[in-house]
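Enquirer: Quick note, the sequence shown lines up with residues 280 to 553 if you use this note's numbering.
Hints were generated in silico from the structure; no laboratory data involved.
Please read these numbers as outputs of a predicted model, since none were measured by experiment.
Ideal Cβ placement from N, Cα and C applies to all residues, glycine included.
No false leads were mixed into what you were given.
Each pair of labels, with its calculated beta carbon distance range:
no., residue 1, residue 2, range
1, I530, V322, 40 to 46 Å
2, R494, K528, 47 to 53 Å
3, R475, A521, 46 to 52 Å
4, R459, R494, 23 to 29 Å
5, H429, E404, 25 to 31 Å
6, D463, E551, 31 to 37 Å
7, D449, T296, 23 to 29 Å
8, A355, R494, 23 to 29 Å
9, G523, T490, 40 to 46 Å
10, D536, D463, 19 to 25 Å
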Amino acid sequence: MKQFTVDDRTSKVRRVTFASPPFNLIGADTVAELLDIVDRLSVEEQVSAVIFDSATPGFFFNHVDSDQIPAIVDMAGNGPLPGFVELGMRLAAAPFVSIASIRGRTRGGGAEYTAAFDLRYASREQAIFCQPEVGFGLVPGAGGTERLTHLLGRDRAMEVLLTGQDYDADRAAQYGWVTRAIPDAELDDFVDAVARRIASFDKQAITAVKTQVNRSTLPPEENLLASFVESARSTTGPGVEARGRAVGKLIAQIGIDDLERNLGHHLEWLAEQP
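With the sequences and hints as input, model every part of the structure.
Expert: Right, dumping it as C-alpha cells:
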C-alpha cells in the first residue's frame, strides 16, 4: 500500500503527506516510494515548492523500523550512494523548495531526512525531535551527523547525537534544528503562505538561489558514504543485541505506544540494563 499521497495545492505548489500508522516508521518501501515522488516532482517544470507533512497523529517522519534495517542497508542507489543516503541528497538538491510542516515526533532516520528539507516549520505544541541511535548502540547513517553539525554547530550536534534526548520545537528552533516554531493552530496557514509566496517568484531565480546555497552547505558524498558504512557496521556491534533484548523487555512492561511516544525518556532506562 502507498504511504504517501501527493496533492496539488496550486499549479506550482504540491503537498506530500506521509501516512503509515500507527507510528510512521520508515522501511525500505518508504524510502523507495519517496525517492520516486522526488523524481516525479523534479521533472514537473512548474513545481516550485513542495510541502511535506503527516496524516498520522503524533508522528511526522519517525525512525527506521528495526525489522527493516537489513533491507535498508542493502538498498542500492542510482549512483555511488546507497538508496537510504541518496534520498536525503535528492531532497536537498531537488529543483524545488522542500518545506517540512512538522507535527509530532521525528526521530532517527526520519529526523535525518527532515534535516535535509530546505525549510522546517514545527508545531510548538506537538513537534518533538530526537536522534536516539546511540541509545541502541547504533550510529546515524542518513546524513544526520553531517547535517546537524552544519545546522546546530559542533557542540550542540554532539549533545543531540550523544544524549539521545527529546527536544521540543522551541529548543529545536533555538538550536537551529528548525527554521521556526509556530503555534499549532497557525502552522498550516503559515506553511501554505510561505510555499505560495516562494512559488509566486520566478522559478529560474528560485532554483539558482538554492543551487548557490547548496554549493556551500551540502555535505560531500564521501562523508555521507563514510557515515553510512559506519552505521551499517554498528548494526552488528556487541551492544545492539543486548539493547534489543532490553527493548523487548520494556515493551512488555509499558507497551509499544508508550515507548514510541516517550522514546527519549526511556533511553536512559535502556542504558541501565545489564
